[in-house]
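Q: First to last, the protein sequences are chains A and B. If you read the first sequence in the numbering used here, its first letter stands for residue 1, the second for the next number, and so on. If you read the second sequence in the numbering used here, its first letter stands for residue 1, the second for the next number, and so on.
Calculated directly from the structure, the hints in this document are not laboratory data. Computed from a predicted structure; not experimentally measured. Just so it is clear, CB atoms sit at the ideal spot from N, CA and C, and this is done for glycine as well. Hints are supplied without guarantee of correctness; some may be wrong.
[To be verified] Sample of chain A residues at the chain B side, in silico, Cβ under 10 Å:
no., residue
1, Ala11
2, Leu12
3, Leu15
4, Arg21
5, Leu43
6, Phe44
7, Arg53
8, Glu55
9, Pro82
10, Arg97
11, Arg118
12, Val121
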Amino acid sequence: MAHFALDPVQALVRLQTELDRAIGRPLSGFGLAGASVYPAVNLFTDADGYVLRAEVPGIRPDQLGVQVESGQLTLSGERVAPEGKGSYHRRERHFGRFSRTLPLPSDADPERVEAQARNGVLTVRIHKLASAKPRQVAVKPA
Amino acid sequence: MSDQTLTPRDKQEVTDGEQVRPGRYYVPDVDIFEDADGLWVRADMPGVESDSVHVELHDGMLTVQGEVSLGAYSGLAPVYSEYRVGPFLRRFTLPERARFDADRIVATLVDGVLEVRVPRAEAAKPRRVPVASA
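Start from the sequences and build out the full structure, keeping to the hints where you can.
A: Structure below.
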C-alpha cells in the first residue's frame, strides 16, 4: 500500500484493485471461512497488526457486540427495522440478528483488541503480540 | 426483537451508463415507502460521511450518491476480502413528478443509512371532501 499521497480517484481505483486481489484469497492463521455469514468482512494488515472491517449500516454502535474469548473473535448485533406506516414500493434491506465467530490469528494479542463503529462500518483493531513483531537485531563489530 | 437472521448479500456494481470518473460504483440496497405525507427512501451507504452525500431531484428523477471516505484505508494492506468498497449511486424515476415537492426534500445520514424524505406537494395531498346532506 502506498504511503505517499494519492488523489481520491487514484486512491479509490487502487483500493478496489487491491481488494479484488484479496477476494477469495485463503488465509492461513486467521481461519476465515464462510462468507455466507453476516457480516461480510475485509481484513487488512499494517505494522501494528490486523484491522478487520465489516459493513453494518443501520446498526447503532451500542447495538454491536465484539467479544474475544479463547482465541476467537465474535461479532454480533441486531439490525432493528424502523417503524413506519405506509405502503412499500421497494423492500431490499433486511433486518434481524447476527453473530459471526472468527478464530484470531496465532500472533494476535487477545488483550489488545479495540473496536469502533462509524457511519455503519465496524472496525476492529487487533494488535500483534509484542513477541510476534519484527525486532531489529543490532550487529556488533567483531 | 426479531427472530430473523441476517445474511450477507453481494454488492451489485452500477452498470447503467458510463461514469465520468474511473472506479466502480455500487448499488445501495433501498427501501422506498409512501405514506400520506410523501415518499421515504432509505439507502444503505456504509462508510459514507454526511458531507459527501449528494441527493438531487431533477425532472422527476431522484439521484442519491455517496462517496466513501478512503482515509480509513490509508496505510492498510488488504489480505483477505469478502466485500467490495466504492461509492454508491442509484437513480429512481418518481411516479407522477407533480405530486412531489422538490424544494422541500430533506436528507439525513445516520449510521451509514441515508434517509431521504420527499414531501408530497400540497395540492396533491389527499383532501377530505365534505359531503353536505341534502
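Q: It remains to establish, for every hint, whether it holds in the given structure.
A: Each hint, compared with the structure:
1. Residue-level restraint check for A:Ala11 holds (minimum Cβ-Cβ distance to chain B is 5 Å; threshold 10 Å).
2. The interface hint given for A:Leu12 is met, as the beta carbon of that residue sits about 4 Å from the closest beta carbon of chain B, less than 10 Å.
3. At about 5 Å, the closest approach between the beta carbon of A:Leu15 and any beta carbon in chain B falls short of 10 Å, and the interface hint on this residue holds.
4. Because the smallest distance between the Cβ of A:Arg21 and any Cβ of chain B comes to about 7 Å, under 10 Å, the interface hint for this residue holds.
5. Checking A:Leu43 against chain B: minimum C-beta separation of about 4 Å stays under 10 Å; hint holds.
6. This hint holds: A:Phe44 has a C-beta 4 Å from the nearest C-beta of chain B, less than the 10 Å allowed.
7. Taken as an interface hint, A:Arg53 checks out: its beta carbon lies about 8 Å from the nearest beta carbon of chain B, inside 10 Å.
8. The interface hint given for A:Glu55 holds, since its Cβ lies 4 Å from the closest Cβ of chain B, which is under the 10 Å cut-off.
9. With a cut of 10 Å, the hint placing A:Pro82 at the interface with chain B holds, because the nearest CB-to-CB distance is about 7 Å.
10. Checking A:Arg97 against chain B by beta carbon gives a least distance of about 6 Å; that is within 10 Å, so the hint holds.
11. With a cut of 10 Å, the hint placing A:Arg118 at the interface with chain B holds, because the nearest CB-to-CB distance is about 8 Å.
12. At its closest, the beta carbon of A:Val121 sits 5 Å from a beta carbon of chain B; the interface hint therefore holds under the 10 Å criterion.
The earlier numbered hints are all upheld by this structure, with none contradicted.
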